[in-house]
Amino acid sequence: MKTVRIIPKLEVKNENLIKGVHLDGLRIVGKPEEAALKYAETGADELVYIDLVASLYQRDNWIKIVKRTAEKIYIPLTVGGGIRSVDDAKLFLRAGADKVAINTGIVKRPKLVTEIAQKFGAQCMVASLEVQKKSDGSYEVYTDSGRTPTGIDPIQWAKRVEKLGAGEILLTFIHQDGTYQGYDVSLLKKIAPTVGVPVIASGGAGKLAHLTDAVKSGKADAVAVASMLHFKKTTIGKIKSYLKKSGVLVRK
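In terms of the UniProt record's numbering, the sequence shown has 28 at position 28, counting the first letter as 1, and numbering is strictly consecutive.
These are computed hints drawn from the structure, not numbers from a lab. Certain hints may be false.
Taking lysine-lysine and the PhoX-like style, the derived pairs with C-alpha atoms no more than 20 Å apart in a straight line are [to be verified]:
#, residue 1, residue 2
1, Lys38, Lys72
2, Lys31, Lys2
3, Lys67, Lys31
4, Lys90, Lys111
5, Lys2, Lys189
Just so we're clear, the structure is a prediction, and the values are computed from it rather than from any experiment.
My request is simple: use the sequences and hints to build the entire structure.
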């Protein structure tokens, strides 16, 4: 049985830790560096750091936040937001990131997946898929922090980015994000078991049972958690204890 990773997801805007619903309606909940250190010290296996405006406005201070954070924590750090080239990826990796998560950049130029994987190793290249459920029940990949529809089917896109060289997939359910209604397990189970790279489920966790569902039913390799932690509805310790009692292997 695989060991499941618990990964706090920290979304940043203008140097503030923020959280919204459906990647919108954002409210400030703290400072990203303080939250990152707290989660790292209380049992997080990794961290995902996403700048929600860097890909739109290319904020230069994002890399400074990453550097300051990386100097304080000693767990793997995945960084996303505004990465559109190999040189961009290099800047963040040199700043202390262990992996880069890219959505808009690889949709616009899929070859970027291969270029980064070949330059830095597949383990550094995380394909970020932000997915919206449409009114007819079908799914579509969105870019620009959930603002721009692409017409791309997420199941086929997941398989393609794996073939291009991605070492991991961060699968965010926009329609579930911030709702506390749970991950979209029906879509998750159509993607995670069909690709040969780890899949991180993100968007929707509202109670501990949702994490178990993502792992047991959805076959996720890791679960990203935001609102439940930011608003102190649970702790990483409680998450791991619950999963362990549910028969899920977790790291100590």
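Status of each hint after checking the structure:
{"no.": "1", "hint": "Lys38 x Lys72", "result": "holds, 10 Å"}
{"no.": "2", "hint": "Lys31 x Lys2", "result": "violated, 33 Å"}
{"no.": "3", "hint": "Lys67 x Lys31", "result": "holds, 15 Å"}
{"no.": "4", "hint": "Lys90 x Lys111", "result": "holds, 16 Å"}
{"no.": "5", "hint": "Lys2 x Lys189", "result": "holds, 16 Å"}
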